[in-house]
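S.K.: Please model the complete structure; the sequences and the hints are all you need to start from.
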Amino acid sequence: MKKGLLLVRFYNMDIKLPNKIKKEFIYTCMGFGMNEPDIDSIKLVEGCSKIILESAQPKAIYKIFPIFFKYDEDKIYILNEKNILSGKSILKHLEGCSQCVLMAITLGQQIDKIIRKAQLMDMAKAIALDACASSLIEDLCDQVNEQITEELMGKGQRLTTRFSPGYGDLPLYTQKIFSNLLDMERKIGLTKSSEYLLLPRKSITAIIGIKNLDENLYNKDGKIYYIENEENSCDICLRKEQCEFRKNGGHCLNKQNLYK
Amino acid sequence: MKNIFDTDNYIILDGAMGTMLQKSGLELGERPEILAITYPEKITAVHRMYVESGANLIYANTFGANALKLSGFNYTVEEVITAGIKAAKEACKGSNAIVALDIGPLGELLEPTGTLSFESAYKLFKEMIVAGKNAGADVIVFETMTDLYEVKAGVLAAKENSDLPIMVSMTFESNHRTFAGCTVEAMAITLEGLGVDALGINCSLGPIEILPIAKTLCENTKLPVFVKPNAGLPNLNTGQYDINPKQFAQQMLQYHDIGISMLGGCCGTSPEYIREIVSNFSPLKTRALERKEKYLPKLRACSPTTVVNVDHVTIVGETINPMGRKFIKQAYLNDDMDTILACGVEQIENGAEILDVNAGLPGVNEKEMLYKVVKLLQSVVDAPILLDSQNPDALEAALRIYNGKPMINSTNADRDLMSKIFPLAKKYGAAIVGLTLDEEGIPETAEKRFELAKRIVETGISFGVSKEDLIIDCLTLATSVQQKEASETPKAIKLIKEQLGVKILLGVSNISFGLPKREIINRNFLMLAMNAGLDMPIMNPKDEGMKEAIYSFNVLAGRDEGAKLYIEKFAENKNKKTTNIQNQNIDNNKIDIFHAIRRGLKNETKIATESLLEEMDEMTVINQKLIPALDVLGSLFENGDIFLPQLIQGAQAAQSGFDVVNRRLADKDTEAVNRGTIVLATVKGDIHDIGKNIVKTILQNYGYKIIDLGRDVAIEDVIQAVKKYEAKLVGLSALMTTTLKSMEDTIQAIHDEELDCKILVGGAVLTEEYAKSIKADYYAKDAKRSADIAKEVFKN
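Protein sequences, first through last, are from chains A and B.
Start counting the first sequence at 1114; every next residue gets the next number (this note's numbering).
Start counting the second sequence at 3; every next residue gets the next number (this note's numbering).
FYI, nobody ran anything at the bench for these hints, they're computed from the structure.
It should be emphasised that the depicted structure is a prediction, and the values quoted were computed from it without experimental measurement.
Any given hint could be a false lead.
[Said to hold, decoys possible] Below, simulated PhoX-like cross-link-like pairs (lysine-lysine); rule was C-alpha separation at most 25 Å, straight line:
1. K331(B) / K571(B)
2. K604(B) / K1156(A)
3. K377(B) / K128(B)
4. K91(B) / K128(B)
5. K125(B) / K429(B)
6. K1230(A) / K707(B)
7. K125(B) / K224(B)
8. K1156(A) / K608(B)
9. K1230(A) / K331(B)
10. K604(B) / K1163(A)
11. K1230(A) / K374(B)
12. K44(B) / K95(B)
13. K456(B) / K377(B)
14. K331(B) / K544(B)
15. K1289(A) / K429(B)
16. K1230(A) / K670(B)
17. K544(B) / K566(B)
18. K608(B) / K1230(A)
19. K1195(A) / K25(B)
20. K296(B) / K161(B)
21. K25(B) / K1300(A)
22. K1230(A) / K499(B)
23. K1289(A) / K743(B)
24. K571(B) / K1163(A)
25. K1201(A) / K743(B)
26. K296(B) / K369(B)
27. K499(B) / K456(B)
28. K493(B) / K422(B)
29. K331(B) / K369(B)
30. K1289(A) / K422(B)
31. K1195(A) / K161(B)
32. K1230(A) / K604(B)
33. K544(B) / K1230(A)
34. K1300(A) / K217(B)
35. K760(B) / K725(B)
M.R.: Written out as structure tokens, the structure reads:
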């Protein structure tokens, strides 16, 4: 047996909940697009944000692994040949990286139950709760991402954007790698179904590529800086034709610019 | 073998296996259980270190050896478990240590959060248990469990397929709940009821953090308790656990006082930790017996998240019962589960703490229906359930899949019935109500009812049911018909309570049958009954008068400490009253139903519909008012003047109008409005159902009858439903590219069967072209479009 373990760093964290959930993403999820929501919907969202923030039990975990490219097979191994990333899109995304972060985050099972119950009693409320939870998990994912970035930046490393199973041609069964390598079921209560969907529902897993600074251009403005391997990730997105963000000329990775 | 825990010596459990294997160079991504086949000597060596450190009970390396986790690894469950047990037995040779078949979570979440069914979980556990028993395991341990439902499947599989003692430990987070929200108390009473032999806590936290959780566990069970904490908490910078063996053993000493019987370590611990524990604990005798003697048994029922302790007058909601309730009866006959579930949620919101569920009526298979209702109901309510049936088959089907500790309503003093129902209560750990009647009917006098109660209690105990789980119902008779006999009920309550010391349940409202102003009689009879000792009135939780009586009684009888619940209730009620007054101020004639629906105002729509019904017949209100209002709403949505939430709110307002009309039709014994039957399903493999449910809300509010098959629906279930309900339209939803194939297969199957129905598809990744290519008849880009399609199909 090879020893690969020492390269693995392991973090298990309880995340801080924000005081508010970002509104813009919520209304987009609810189908308002760029339009001004009506007063009843604003009130509804306020109430639902509160409920989601009160019931969310966010947990996250991430670890850093070495990666190995097998260009002849269009594959990347994480840690060892048992953990295979396949497909052209992830190959392109991680180009030039020597390590990656695997991260997993969940809002917990209570949220699913609340949304399930609302669907029975009040569908409009269910839509708002669902949108608030989706927005919150995105916010928290950003928060974890930023934390990782800050830490690694200090060590002279830079990161790609997040890439999740199901993006481009990275198959959903890649979730298996997260289960195996992060022990996410045990550590944060995040599981996958037999069809590789994440459960609880409001959960995200993602891969972030890590490059050493000397392998690429320096970060000029001193701010968090992403490698631009994937400058227009919409190209690989299967839902770009129906995307509410794109309809409004925006991008899901850059939500805050949408409404200016 | 059963009495291995019957000792006042501490039983020492082992420490981590995973941590030790990692130290020996195990690669991540490999199933550690398989090492028992590939490197058995490595596994045996780790076990032996624990035996040599003084562990008496060794967990075999079988934690994840279930068919789900082993899939793709070319070894069977039996092979891996046999090798795992063998490796552990090898290590125990020459010592007194015994071996446990170690079983961890299956790795997939059970319904309703996940997709794994209770029955599949049972089968997966059974496979492990049979293999473990055959390989010679001495004990079965379930550990690191977070879902009580999964544990129940495992415990039933263990009890029904082996005679081995069963230990269960669950993993709690710092909020003292598991990931699934299960509380320690719910774990204790559910699993003790199921006949588990020892209960414990392991993993996630260190000895200091687990101590208060273990204390709660010790206070809530008579069973031996065990703990296996981690070696402290992981250090955020290094990922290493932060306490050493000496500190660990020192911190563990505090567990002596709370009365545990067994201890060991989980993640981060090693043989050194176990050696330190042995040296601290071997001179001590456990205080478990002392704890057991202090334990006060009490009547409780629970779901995983909510325990109801019947130490005050506890409201049991009676509404889910087709007897005398036309809308529930109709819902059962139409397989309309949403109405039943909403009725459950509503009762809880109105103050019910326990829900009575009755699914018995002619034309409905009670066994299937009770099973189905309980399964669905527990996915949306936290309150425990009182299973209302005397049909042993129906009861067993529901008891098996109930997640928590339920109650049964009921047996009576008939010996034959008792011999069928008490064993069920015993096996599934349910509390049970006994009615004071037998084959000769209801006795007239209190004394005779007491005699029957005595017979019930004695028989129940002889079947192994704990006395605290026995509840007596001394029956309410109509005072207008049998005035004398009716007045015996409070006397009987008093007698039974004083002499037998069991809790009392009573359906109250029958007392006033045939009298005017029934609520006056009901409320005063309730007061008499509570004063005599009634604990659990079965009633309509919307009856404010009865609730006032109950809340005030709980204060006056000293069962609502500091009048906390009373204040909470009536401070809240004050607000409710003001809204009612506001509503009453609405001038009924001035409400425009179009405006009310446009604004999504349910109450106004209801009032407007009622006043319209004074001038028009039901169908006219629907065709000239409600449907046109929905059409207006639809075109506003299409034009982008309103958005999805407003469309839905408007549709829900219209629904309250439809409800008024339908109730009126039901009163006239006329069928509810049905403009066409539509089957809806999220296809097999897909669990996204909010889109489908939005479509359902809209279609329902247009007066279509919706057969909602839910999510992850098998092809044959769609076919069957279309045939059974003769649906002319099927709506299929899929949200993932991976499940479009499943949608295509479902459509193909419908075509193959040559069913006379149109197929409508929708979902985020679908397009008009794609829908055509998989031979769907229609593509709906949103819920509004699905309503247009329905109109076209049904030509209405």
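S.K.: It remains to establish, for every hint, whether it holds in the given structure.
M.R.: A quick look at each hint next to the structure:
1. K331(B) / K571(B): 31 Å, violated
2. K604(B) / K1156(A): 17 Å, holds
3. K377(B) / K128(B): Given pair K377(B), K128(B) holds - Cα atoms ~21 Å apart, limit 25 Å.
4. K91(B) / K128(B): Holds, at about 21 Å.
5. K125(B) / K429(B): Roughly 19 Å between the alpha carbons, so the hint for K125(B) and K429(B) holds.
6. K1230(A) / K707(B): 21 Å, holds
7. K125(B) / K224(B): 30 Å, violated
8. K1156(A) / K608(B): At roughly 23 Å apart (the allowed maximum being 25 Å), K608(B) and K1156(A) satisfy the hint.
9. K1230(A) / K331(B): 23 Å, holds
10. K604(B) / K1163(A): 23 Å, holds
11. K1230(A) / K374(B): 17 Å, holds
12. K44(B) / K95(B): 16 Å, holds
13. K456(B) / K377(B): Cα-Cα ~34 Å, so violated.
14. K331(B) / K544(B): Holds: K331(B) and K544(B) sit about 19 Å apart, inside 25 Å.
15. K1289(A) / K429(B): 38 Å, violated
16. K1230(A) / K670(B): 32 Å, violated
17. K544(B) / K566(B): 21 Å, holds
18. K608(B) / K1230(A): 23 Å, holds
19. K1195(A) / K25(B): 20 Å, holds
20. K296(B) / K161(B): Not OK: K296(B) and K161(B) at ~29 Å, beyond 25 Å, violated.
21. K25(B) / K1300(A): 20 Å, holds
22. K1230(A) / K499(B): 39 Å, violated
23. K1289(A) / K743(B): 21 Å, holds
24. K571(B) / K1163(A): 22 Å, holds
25. K1201(A) / K743(B): 22 Å, holds
26. K296(B) / K369(B): Answer violated: K296(B) to K369(B) is near 41 Å, above 25 Å.
27. K499(B) / K456(B): Given pair K499(B), K456(B) holds - Cα atoms ~11 Å apart, limit 25 Å.
28. K493(B) / K422(B): 30 Å, violated
29. K331(B) / K369(B): Given pair K331(B), K369(B) holds - Cα atoms ~16 Å apart, limit 25 Å.
30. K1289(A) / K422(B): 47 Å, violated
31. K1195(A) / K161(B): With Cα atoms ~38 Å apart, K1195(A) and K161(B) exceed 25 Å; violated.
32. K1230(A) / K604(B): Roughly 19 Å between the alpha carbons, so the hint for K1230(A) and K604(B) holds.
33. K544(B) / K1230(A): 20 Å, holds
34. K1300(A) / K217(B): Holds. K1300(A) to K217(B) sits at ~24 Å (cutoff 25 Å).
35. K760(B) / K725(B): The hint holds at about 13 Å.
Checked against the numbered hints listed earlier, the structure breaks hints 1, 7, 13, 15, 16, 20, 22, 26, 28, 30, 31; every other hint is satisfied.
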